[in-house]
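Q: Letter by letter, the chains look like this.
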Amino acid sequence: MKVIVAVKRVVDYNVKIRVKADKTGVELSNVKMSMNPFDEIGVEEAVRLKEAGVASEVVAVSIGPAQAQETIRTALAMGADRGILIKTDEEVQPLAVAKLLKAVVEAEAPQIVILGKQAIDDDSNQTGQMLAALLGWAQGTFASKVALGDGKATVTREVDGGLQTVELKLPAVVTTDLRLNEPRYASLPNIMKAKKKPIDEKTPADLGVDIAPRLKTLKVEEPPKRQAGRKVASVEELVQALKNEAGVI
Amino acid sequence: MDFDFTPEQEAIREALARTCARYDLDYWRQRDSDGRFPEDFVADLARGGWLGIAMPREYGGAGLGVTEACIMMQAIAESGAGMSGVSAVHINIFGPNPIAVFGSEEQKRRFLPPLIAGRDRACFGVTEPDAGLDTSSIRTRAEWNGRRYLVHGQKVWTSTAQSANKITLLARTTPIERCASPYEGISLFYTDLDRAHAEVREIDKMGRKCVDSNQVFFDAMPVPKEDLIGEEGQGFRYLLHSLNPERALIGAEAVGIGRAALARAANYARERVVFGRPIGQNQAIQHPLAENWMELEAANLMVFKAAALYDRGRPCGAEANAAKYLAAEAAFKACTQAVMTHGGFGYAKEYHVERFLREVLIARIAPVSPQLILSFIAEKVLGLPKSY
Ligand SMILES: Cc1cc2nc3c(=O)[nH]c(=O)nc-3n(C[C@H](O)[C@H](O)[C@H](O)COP(=O)(O)OP(=O)(O)OC[C@H]3O[C@@H](n4cnc5c(N)ncnc54)[C@H](O)[C@@H]3O)c2cc1C
Ligand SMILES: Cc1cc2nc3c(=O)[nH]c(=O)nc-3n(C[C@H](O)[C@H](O)[C@H](O)COP(=O)(O)OP(=O)(O)OC[C@H]3O[C@@H](n4cnc5c(N)ncnc54)[C@H](O)[C@@H]3O)c2cc1C
Chain A
1001 MKVIVAVKRV
1011 VDYNVKIRVK
1021 ADKTGVELSN
1031 VKMSMNPFDE
1041 IGVEEAVRLK
1051 EAGVASEVVA
1061 VSIGPAQAQE
1071 TIRTALAMGA
1081 DRGILIKTDE
1091 EVQPLAVAKL
1101 LKAVVEAEAP
1111 QIVILGKQAI
1121 DDDSNQTGQM
1131 LAALLGWAQG
1141 TFASKVALGD
1151 GKATVTREVD
1161 GGLQTVELKL
1171 PAVVTTDLRL
1181 NEPRYASLPN
1191 IMKAKKKPID
1201 EKTPADLGVD
1211 IAPRLKTLKV
1221 EEPPKRQAGR
1231 KVASVEELVQ
1241 ALKNEAGVI
Chain B
28 MDFDFTPEQE
38 AIREALARTC
48 ARYDLDYWRQ
58 RDSDGRFPED
68 FVADLARGGW
78 LGIAMPREYG
88 GAGLGVTEAC
98 IMMQAIAESG
108 AGMSGVSAVH
118 INIFGPNPIA
128 VFGSEEQKRR
138 FLPPLIAGRD
148 RACFGVTEPD
158 AGLDTSSIRT
168 RAEWNGRRYL
178 VHGQKVWTST
188 AQSANKITLL
198 ARTTPIERCA
208 SPYEGISLFY
218 TDLDRAHAEV
228 REIDKMGRKC
238 VDSNQVFFDA
248 MPVPKEDLIG
258 EEGQGFRYLL
268 HSLNPERALI
278 GAEAVGIGRA
288 ALARAANYAR
298 ERVVFGRPIG
308 QNQAIQHPLA
318 ENWMELEAAN
328 LMVFKAAALY
338 DRGRPCGAEA
348 NAAKYLAAEA
358 AFKACTQAVM
368 THGGFGYAKE
378 YHVERFLREV
388 LIARIAPVSP
398 QLILSFIAEK
408 VLGLPKSY
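Chains A and B, in that order, give the protein sequences.
Here our numbering is used: the first residue of the first sequence is 1001, the next is one more, and so on.
Here our numbering is used: the first residue of the second sequence is 28, the next is one more, and so on.
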């Protein structure tokens, strides 16, 4: 069975984000970019499926500028077999990403598509769900465990207040949560092999998808600075402060 | 001229940074106190295929150059592992260079794969107590008895000899009196460190406690003919060939440890408030750190220039020596400044910078001292009379 994993190039999670002076977005020039951590978990899961003999091929797909190729190479160095880059310098919002992935899925006919539950840049948490809806496929989101059976997948989901286990009919869409696995680091031999693995390049136009934004960003601002805390002497004083000053009880 | 690393080189740096992140500053501080060899760290690097980075592909290596080896060693040092981390694998990375370049097909097949897999650990026996930097006057001798060589003599500072099962050994095979030049009659061996005939005594030293350095005493240690690298009597020449890549590697390592110290110092200077403001707001604190950054990055350019020259098969003696010198001096200054920036806390082990300072001295002293590099540049580049 074929597995598709979506990998997004985002600002590295260690970078201290700065808002652009004109408030149109965050500073991206000269900033370290990496694979979205949830997508790393997705790649790891797909590669494990391959190592277990369940998956036959793992295809990593990224949508973004030419440099997103490096993100695909990272997936290839982790063990994915080949890549597809849908190249665009435009802003691509979740719905457009879902439509582009749908076009790739229709051409590639995988049994599973694995995405991160969200990307750590815009934190939208929409693409996986939209893709499943567009394809009319089952979806198992926020997965902390995935087991594949005969024509079906059992997915344990991290939901508020506990774990929920769902059974999906394949083909299906899965989005990863943090505890699904611990992604491996690329080994040197795999970095070398990744150089020779093919990356296919397409444009949104090739796939016939209109990626025009449907949402408009009005402005981006720093969150307010956190105020220093205060020590209280007793529980009574705490309760008073919560009641009278914070007004939360 | 292109100052960017390739995406593949970036991937190497990134993968190593992540691997090393599992071994944090507290891990290395612990090793610095208990002196245990970082076996788990080395095993992790071996599993990732890193030990063969600069070894030929036919023998299980990655076939990359000194440039990539420098990127690797720098990433290890910069992670905070410092010399403790790099010295644990340094000899595996550069030590086999003479085998790869001058060894026979049979030797490469026999020696390289187990080194790359981490099954063999090699130490490097060049320095002797009575020869010092004047390598041509080494006294350890390998005598041919008709069937094999027997090694007698003494080495000093031999790092990792506590756990190594192999040794790259430089020894005299023809007495100096019978040689036309003192640089002849010396041979290079790669052989078993046979503890029945070699006594290894650890040296109690200033830093890098978890990677041992030793005195080694040889008493008729047998070495078969098959373990002689290249031709008998040509060892000094073979050694010289591998010195330049090693200089570049040491330079890369020094820049790494300097950057680690500088990053901690800058961080501390941003956060530590006395006299009502961050100490880093004072130019007396920030200017020296800015200077450290400039010196480290300038040295780094020389490091990668030397590595690039070597990888293209061009002469690089002056650049490799200059890289080692500049990097070690810049890193030493950065580590000192990092301690000073921390005030009294710089002297406390909890802040880690004092370990960097103790470790970075190794990059200044070994494998060649700053004085000898200056003498070399004066002679070879400036055409001044040889002074040593
Ligand atoms: C931690 C550590 C690990 C080491 N690991 C190894 C190892 O694994 N294998 C190995 O073979 N060696 C190893 N060494 C040894 C290292 O390479 C030597 O210490 C180094 O080459 C210097 O030699 P020496 O100590 O004998 O100094 P000496 O030669 O005694 O020099 C002492 C001082 O005199 C100066 N000097 C000497 N001659 C001149 C001159 N003509 N002009 C000006 N100044 C001069 C030197 O610059 C130096 O400052 C290690 C050393 C250390 C500290
Ligand atoms: C081994 C040891 C033993 C000690 N024993 C004692 C003891 O017995 N009793 C005791 O009371 N103390 C002791 N101390 C503490 C010592 O006196 C302090 O470490 C020292 O006063 C510096 O204070 P600090 O560490 O808080 O540095 P900080 O005040 O935090 O200074 C950090 C750095 O910022 C610089 N800096 C700060 N302000 C400025 C400025 N305005 N302009 C430029 N630079 C600035 C400092 O010069 C320093 O480099 C000891 C320290 C050590 C290391």
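To be clear, the hints were calculated from the coordinates, so they are not data collected in a lab.
Hints are supplied without guarantee of correctness; some may be wrong.
Once the Cα atoms are required to be at most 27 Å apart in a straight line, the calculated DSSO-like pairs of lysine-lysine come out as [to be verified]:
| hint | chain 1 | residue 1 | chain 2 | residue 2 |
| --- | --- | --- | --- | --- |
| 1 | A | Lys1016 | A | Lys1099 |
| 2 | A | Lys1193 | B | Lys236 |
| 3 | A | Lys1020 | A | Lys1231 |
| 4 | B | Lys332 | A | Lys1032 |
| 5 | A | Lys1087 | A | Lys1231 |
| 6 | A | Lys1145 | A | Lys1002 |
| 7 | A | Lys1231 | A | Lys1219 |
| 8 | B | Lys332 | A | Lys1195 |
| 9 | A | Lys1099 | A | Lys1193 |
Now the stretches of chain B that chain A is said to cover, found in silico as 3 or more residues with beta-carbon under 8 Å [unchecked claim]:
| hint | region |
| --- | --- |
| 10 | 35-42 |
| 11 | 75-82 |
By construction, the Cβ of each residue, glycine as well, lies at the ideal position given by its N, Cα and C atoms.
Q: Hint by hint, note whether the structure agrees.
A: How the hints compare with the structure:
no.	hint	result
1	Lys1016/A / Lys1099/A	violated, 32 Å
2	Lys1193/A / Lys236/B	violated, 37 Å
3	Lys1020/A / Lys1231/A	violated, 36 Å
4	Lys332/B / Lys1032/A	holds, 24 Å
5	Lys1087/A / Lys1231/A	violated, 53 Å
6	Lys1145/A / Lys1002/A	holds, 19 Å
7	Lys1231/A / Lys1219/A	violated, 36 Å
8	Lys332/B / Lys1195/A	holds, 24 Å
9	Lys1099/A / Lys1193/A	violated, 31 Å
10	35-42	holds (count 6)
11	75-82	holds (count 5)
Checked against the numbered hints above, the structure breaks hints 1, 2, 3, 5, 7, 9 and satisfies the rest.
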